[in-house]
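Those protein sequence lines, which keep their order, are chains A and B. Heads up, the first sequence stops at 948 in the numbering used here, and the numbers go up one at a time, no gaps. Heads up, the second sequence stops at 299 in the numbering used here, and the numbers go up one at a time, no gaps.
Hints may contain errors.
[Unchecked claim] Label-pair ranges, simulated between beta-carbon atoms: (1) 298(B) - 794(A): 46 to 52 angstroms; (2) 879(A) - 187(B): 32 to 38 angstroms; (3) 298(B) - 916(A): 32 to 38 angstroms; (4) 924(A) - 259(B): 45 to 51 angstroms; (5) 811(A) - 268(B): 45 to 51 angstroms; (6) 113(B) - 924(A): 19 to 25 angstroms; (7) 40(B) - 924(A): 47 to 53 angstroms; (8) 235(B) - 782(A): 55 to 61 angstroms.
[Claimed, not checked] Looking from chain A toward chain B, a few residues come up when the C-beta cut is under 8 angstroms (computed): (9) 808; (10) 815; (11) 906.
[Unchecked claim] Only part of the chain A face toward chain B is listed, based on derived beta-carbon distances under 8 angstroms: (12) 804; (13) 895; (14) 943; (15) 945.
Just so you know, these hints were derived from the structure itself, not from any lab. All residues carry an ideal CB built from backbone N, CA and C; glycine is no exception.
Below, each chain spelled out in residue letters.
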Amino acid sequence: MNLPEFWSILTDDGDALLRGLQWTLALVVAAFALAMVIGAVICVLRCHARPGVRAIGTGYVEVFRNVPLLVLIFAIYLGLRHSGLAIGSFAAAVASLGMYSGAYIAEALRSGVIAVGAAQFEAADALGLSRSMVWAEVVLPQAARLVIAPLGNLLIGMIKNSAIVGTSILAVPDLMNQARQLQSQTFLTTETFLWAAIGYLLLTAVATSGANWLSRRFALVR
Amino acid sequence: MTVRKWARWLPAVALATVLIVIGSLDSAPTAAERVPGVTPFPSGTAMRAIQDKGELVVGIKFESPPFGFKEPRTGAVIGFDADAARTIGNALGVPVRFVETISSNRIPFLQSGRVDIVFATMTITGKRAESVDFSDPYYIAPGRVLVKRDNSVIHGPSDLNGQRVCITVGSSLRAAVLEVAPRAELREVDGYAACSQLLSVNAVDAVVSEDVSLIGLTLQNSDFVLVGPGFTEEPFGAASAKNRPGWQAFVNETLARMKADGSWSRSYDRWVGSVTGGQAEPPTITLAELLAMEAAK
């Protein structure tokens with residue numbers, strides 16, 4: 727590990743790494759938004775009265791929790807393109823990350839829903855709220871507030887998983903991809919990947935402090 | 003539930019077993035090949051160190067026909083690079099063990115000592131020569147462009163501006179493409195198998211590589227076609243870590259013998275000529291001349 731060369735990376739190629747960091751940020755923001763939506767929908771399906779509907783939710787969770795992210799990326803990107811749908815690489819990356827984490831978020835929300843308890847469902851029902859209002863206005867908001875810490879963990883997990891996207895065939899120019907290109911041109915292996923690690927640490931640190939602030943502000947303690 | 007006293011050790015034993023099994027795995031080393039003994043080299047030389055070690059560890063591509071790839075039935079590594087590597091191993095009298103390398107980890111593997119020498123379609127450049135020692139060129143490959151048959155836009159390297167071009171991470175062709183087409187959109191992936199996949203689903207418009215690999219791809223997929231002339235000359239060299247006493251001279255002598263005694267031509271005909279239908283003479287330019295030419299540009 728060469729210290730002068732380590733710092734020279736910042737001056738010579740800092741802008742490329744910064745662009746990579748911006749791409750990673752865009753990827754994670756889009757994918758996490760998608761994952762939250764998918765998670766909420768699947769959570770509702772999992773807790774439905776009808777067994778047939780529950781099975782759909784369970785099926786989704788089983789599939790997307792057990793298929794490795796890289797396999798998912800290949801299946802979505804190459805599979806859809808082979809079938810004729812010209813999905814772009816960024817869209818495929820967001821879809822893969824979002825669908826993958828969506829399964830985990832669904833499970834986290836479901837544990838929150840269980841903690842909210844049947845009493846809230848019955849009370850909201852008794853007040854005459856429709857099913858969708860019960861979920862959207864009463865149950866899910868409380869459930870989400872109960873599981874802020876696990877959701878924060880899943881966000882951090884997603885930030886790290888996004889590095890897989892950068893090394894896959896998707897060739898999205900995110901932080902990991904930029905670091906690999908840089909390493910292959912400068913041969914400063916340790917130094918380049920140390921900067922990549924610092925970049926990811928920055929993102930996860932921001933995510934962690936964000937989750938902590940949300941927790942202090944909004945968390946329900948039972 | 004009562005637990006037998008000895009059973010309390012089970013979790014620790016199970017964990018230790020798993021860790022030992024995982025630790026002893028390596029990335030699919032190929033079976034070493036035996037060769038009759040050869041006179042030992044003087045002690046203190048890098049050649050003697052390898053003879054004492056008992057094997058020559060060679061970094062080679064596993065997915066780049068016809069230079070380094072796996073024979074489908076036996077899984078043995080074969081190709082032009084493999085032949086050259088075995089020549090070095092025979093000169094030392096030790097078996098060769100192949101380790102898979104891709105363009106982006108060739109130099110790190112040498113620097114970390116994971117492999118002794120790299121025969122992996124590696125182009126000699128002045129920049130790389132700062133980090134590793136190259137042999138004299140053992141093959142000169144023209145870089146060419148591969149597109150789908152129905153592509154009406156790209157007819158040659160100069161049409162690559164604004165097009166999505168697939169190469170491998172760490173390939174010397176990156177600079178070559180940007181020189182003829184500065185506005186080409188490069189997609190860098192791990193290997194040409196991935197490039198081939200991306201081209202077949204129209205995720206990229208063209209693949210750039212040296213001609214033999216691309217011809218191999220057209221033989222596998224009739225949808226692909228080569229367009230335009232060769233636009234760059236890629237001299238392949240065998241790379242080794244720096245500061246190994248006597249090693250560079252030994253490798254160059256062995257490769258020179260391979261070119262002189264007909265085995266180079268035999269390998270060429272078998273791996274390249276059979277695909278391109280062409281013939282060639284072994285390259286005669288030395289490393290020093292090549293680097294001087296590049297520096298003068």
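How the hints compare with the structure:
1. Under the hint 46 to 52 angstroms, the C-beta atoms of residue 298(B) and residue 794(A), about 50 angstroms apart, fit the expected range.
2. Take residue 879(A) and residue 187(B): their Cβ atoms lie about 37 angstroms apart, and the range 32 to 38 angstroms holds.
3. Residue 298(B) and residue 916(A) have their C-beta atoms about 33 angstroms apart, which keeps the hinted 32 to 38 angstroms range intact.
4. In this structure, residue 924(A) and residue 259(B) meet the distance hint of 45 to 51 angstroms, their C-beta atoms being roughly 49 angstroms apart.
5. Between residue 811(A) and residue 268(B), the C-beta spacing of about 48 angstroms keeps the proposed range 45 to 51 angstroms intact.
6. At about 22 angstroms, the CB distance of residue 113(B) to residue 924(A) agrees with the hint of 19 to 25 angstroms.
7. Checked against the hint of 47 to 53 angstroms, the pair residue 40(B) and residue 924(A) passes, with Cβ atoms roughly 50 angstroms apart.
8. Here the CB-CB span from residue 235(B) to residue 782(A) is close to 59 angstroms, well matched to the stated 55 to 61 angstroms.
9. The closest approach between the C-beta of residue 808(A) and any C-beta of chain B is roughly 6 angstroms, which is under the 8 angstroms cut-off, so the hint is satisfied.
10. A hinted interface residue such as residue 815(A) counts as satisfied when its beta carbon comes closer than 8 angstroms to some beta carbon of chain B; here the least separation is about 7 angstroms, so the hint holds.
11. A hinted interface residue such as residue 906(A) counts as satisfied when its beta carbon comes closer than 8 angstroms to some beta carbon of chain B; here the least separation is about 5 angstroms, so the hint holds.
12. A cut of 8 angstroms between beta carbons decides the hint on residue 804(A): the least distance to chain B is about 6 angstroms, and the hint holds.
13. For residue 895(A), the interface hint holds, since its Cβ comes within 8 angstroms of a Cβ in chain B; the closest pair sits about 5 angstroms apart.
14. Contact between residue 943(A) and chain B, as hinted, is not supported at the beta carbon level, the nearest pair being about 42 angstroms apart and thus beyond 8 angstroms.
15. The interface hint given for residue 945(A) is violated, since its Cβ lies 36 angstroms from the closest Cβ of chain B, which is over the 8 angstroms cut-off.
When the structure is compared with the earlier hints, violations turn up for hints 14 and 15 and for no others.
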